[in-house]
Structures are given as structure tokens and as C-alpha cells.
Amino acid sequence: MSFTEVLLMMFGAILVENFIFSKFYGCCPFLGVSEKPGTALGMGMAVTFVMTISSAVTWAVYYLLLKPFGLEYLKTVAFILVIAALVQFIEMFLRKFVPALYSAMGIFLPLITTNCAVLGAALVNIQNGYDFIGSVCYGFAAAIGFTLAIVIFAGLRSRIDYDAAPRAFRGFPLTLIAAGLLAMAFAGFSGVNFS
Amino acid sequence: MTFKSIAKQFKDGIIDNNPVLIQLLGMCPTLATTTSVSNAIGMGLAATAVLICSNVLISLLRKFIPKQVRIAAFIVIISGFVTAVELLIKAFFFELYGSLGLFIPLIVVNCIILARAEAFASKNPVLPSAIDGLSMGLGFTFALVLIATVREILGNGTFLGFSLFGENYSPAIIFILPAGAFLTLGFIVAAVQALKNRADDKNNARAAAEEILAHEAEKTKEQDK
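For the record, the sequence lines run as chains A and B.
Every letter in the first sequence is one number past the one before it in my numbering, and letter 79, counting from 1, is 79.
Every letter in the second sequence is one number past the one before it in my numbering, and letter 89, counting from 1, is 89.
Don't take every hint at face value.
As the list claims (entries may be wrong) - Just the calculated beta-carbon pair ranges, DEER-fashion:
#	chain 1	residue 1	chain 2	residue 2	range
1	A	73	B	173	34 to 40 Å
2	B	194	A	69	52 to 58 Å
3	A	99	B	207	50 to 56 Å
4	A	127	B	72	58 to 64 Å
5	A	93	B	3	50 to 56 Å
6	B	154	A	2	40 to 46 Å
7	A	64	B	123	36 to 42 Å
8	A	155	B	70	34 to 40 Å
9	A	69	B	123	36 to 42 Å
10	A	127	B	23	26 to 32 Å
11	A	45	B	66	28 to 34 Å
12	A	99	B	201	35 to 41 Å
13	B	160	A	155	37 to 43 Å
Stated by the list, open to error - In silico lysine-lysine, DSS-like type, Cα no more than 30 Å apart, as pairs:
#	chain 1	residue 1	chain 2	residue 2
14	B	90	A	75
15	B	90	A	67
16	B	202	B	11
17	B	63	B	123
18	B	196	B	67
19	A	75	B	67
20	A	75	B	63
21	B	67	A	96
22	B	63	B	4
23	B	221	B	4
24	B	67	B	123
25	A	36	B	221
26	B	202	B	221
27	B	196	B	11
28	B	221	B	8
29	B	11	B	123
30	A	36	A	96
31	B	123	B	8
Calculated from the structure, these hints are not laboratory results.
For every residue, glycine included, the Cβ atom is placed at its ideal position computed from N, Cα and C.
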């Protein structure tokens, strides 16, 4: 992929095809860990870190290990195992060597194994046939899109808590409706087309 | 196992403890695959099949899986069944395979399945685990179909592909867009909470009334003395 292609793909992955507002990958942490902008940023950082690395590793596993042996149908099993092991490894590495980073995003790392955004990015890379550089950039850009969405949403949510809402709407329903309104804003990007 | 306990498990999975509407789990497939009722049924049944199989196998292996690595073991078992279901859907329902897309392999990370494995199947015998898988899966399917019905009728003017309002109806397209998914689910969960609040209020009022009556009865008893 050429430089311009990669750049346009990254822009598309962040805004036009935002992981949360257009593909719905990673909605669980988006709705669960978005009460405060600070924690949301920590979660976004952890996802960005893991997704960039896992995009590279799953690309290598698929094209160097599964494809030569004709085992493409095992990609779901292989990817989820690789991601689980990778997350565990990153957690141990950060705790030992980069304690500052670990204290910022350590508690979010175990949650990421079952985050569909990470597995989703790995599968999209294979489905779209990106090369190695493309896969890493796509994983990074998609995670930046996720971080952008979750941080904006956490800002919105910290306001909702002070509003007087009907009893039935308090809590989760109002969160979902706020997410719907934010999704409408992001839908404005859907007309953007570069090709 | 008695008939009564089985019936209770079903009521628990589909209504009282519905995985989507009450426990609020599995949001990604719920929001993404409810653009049409047929997609919702397909997604719900695929997840149900995986849930039953994984619950049965995990329940059979519950005494052999070491506690420290149980989550990893569960994920391997679940992803194996998901791959099997994915290949079956690709072979027999290719249209559904196209419209659900990546959400079939992503059943692996559906929190409902891992939650049932951890909370139920790893602690209970095979038969209750199978029934638990079936009832939770049906609860998931029921919630998906409910959301998809609203979205398909409002956003597309159809139900299961059949046109409902004739040619001149212009659908509110927003409901089949991502924003509509969040809005519809928000309103449905609010309705569920309103029903729950009303039931709670009724119970509280009844309890309070009973307390007052008992108090009164005691008072009259004392006066009689």
C-alpha cells in the first residue's frame, strides 16, 4: 500500500468507519468504562496499545503460520488465543519494566481479551487483505477512533448524571440514548468518500 | 430435576434474568445485527447453538479444568464451537453469512457465553447446564427479535421482508442506521425498567399495607385486653 492509501485508510478508520458508531465493535467497554473522561482515556490507551501490537502479531500468525499449512479456517481460534496470551504478556512486561504506564492502564488490560474491537480489527485486516504495514496502521487508527469516541462520550456522560430524568430512564437507558445522539453526529462523516 | 425447576430456569433466562434486557450483556451483536428480523433470528440461534454446546462441554470438563487457566480453557472451547457454527452457516445459509459478516466469528467474545460458562456451567451438572444454555440463548434471541422488529418496521416499513404499509410509506431510515440501534435499545430498556419499577412499587406498597394492618391488629388486641 502506498503512503497516501495508508493515510486515507487511517482517516477513514478513525472518523468515517468509526469502530463504535459504524461497526459496533467494542460496545461493551464503550458503555461500561465511560463514566469519567480519565478512566475512558486509560481504557482507550490500553486498547490502542494492545490493538496495534495484536494487529501485527495476528497478521504474522495468519500469513506465516496458518496460510502455508492451509489452516485458514482456524483463524478465529488462533487469533483469540494469540490475543489472550499477548494481553497477559503485555501486562507482565509493563508491570515489571514500565510501572508508570502500568498504573495508568493496568487494570483495563484483563478486560481487553474479551473486547471484540481487538479481535474485530484482526479479522478486518485479513478480510480486507491489508499488507503488514496496512494492518498495523489500520489497527492503530481504529483504536484511535475508539479512544476518540469513548473520551467524547465520557465527557457527555459526566454531565448526564446531574440531570433530572424520569425514573425509568435513569442509568443505562439514558446512556444509550446519549450514545445514539453522538452516533448521529458521527453519521455526518458517512458521506465522506475518497475513492 | 423436576419439571418445575426446568420451567423456572426457562422463565429466568427469557424474562427475569434476560441476558440483554436485564443483565445488559452482549451489546455489540445486539446493536449490530438487529437491522432486520431475519438477521436477529439468525444471530440469536447461532449464539444459542454455541451457548448450549459450550455449556455442555464445560460442564462435562468442570472437574478437569484447573482453576487458574479456566478462562483460557473456556475461550478455546467456545471458539472451537464458534468456528464449527461459522462453517455450517457458510455452507447452508450463505445469505445470512453475508449479512452477519464478522459478527459470526465475534460470537467468541460475546460476554453472555463466557458469563454463563463461568457462572453456571462450571459449577453445575450437564443437564441443567444444557437447559441453562437453551434458556439464556432463547432470551438473547427474544431480545434481539424484539429490537429488530421495532427497527425493521420503523426504519424499513417491513417485517421479515414483507412490506407492511404499501408503496407510499417513507420509512424513518435513522432506525436502521447505527444511531437508531442505540436509541431503540435505550427506549426498550427504559420500558423494561418502568415495568420493573411498577412491580417493585406494588410489592413495596403491599408490604407497607400489610405492616400497617398487622400494627392495627396488634393495637386492637391490646385495647381488647
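Hint by hint, which ones does this structure get wrong, listed from lowest number up? 4, 12, 18, 23, 25 and 28
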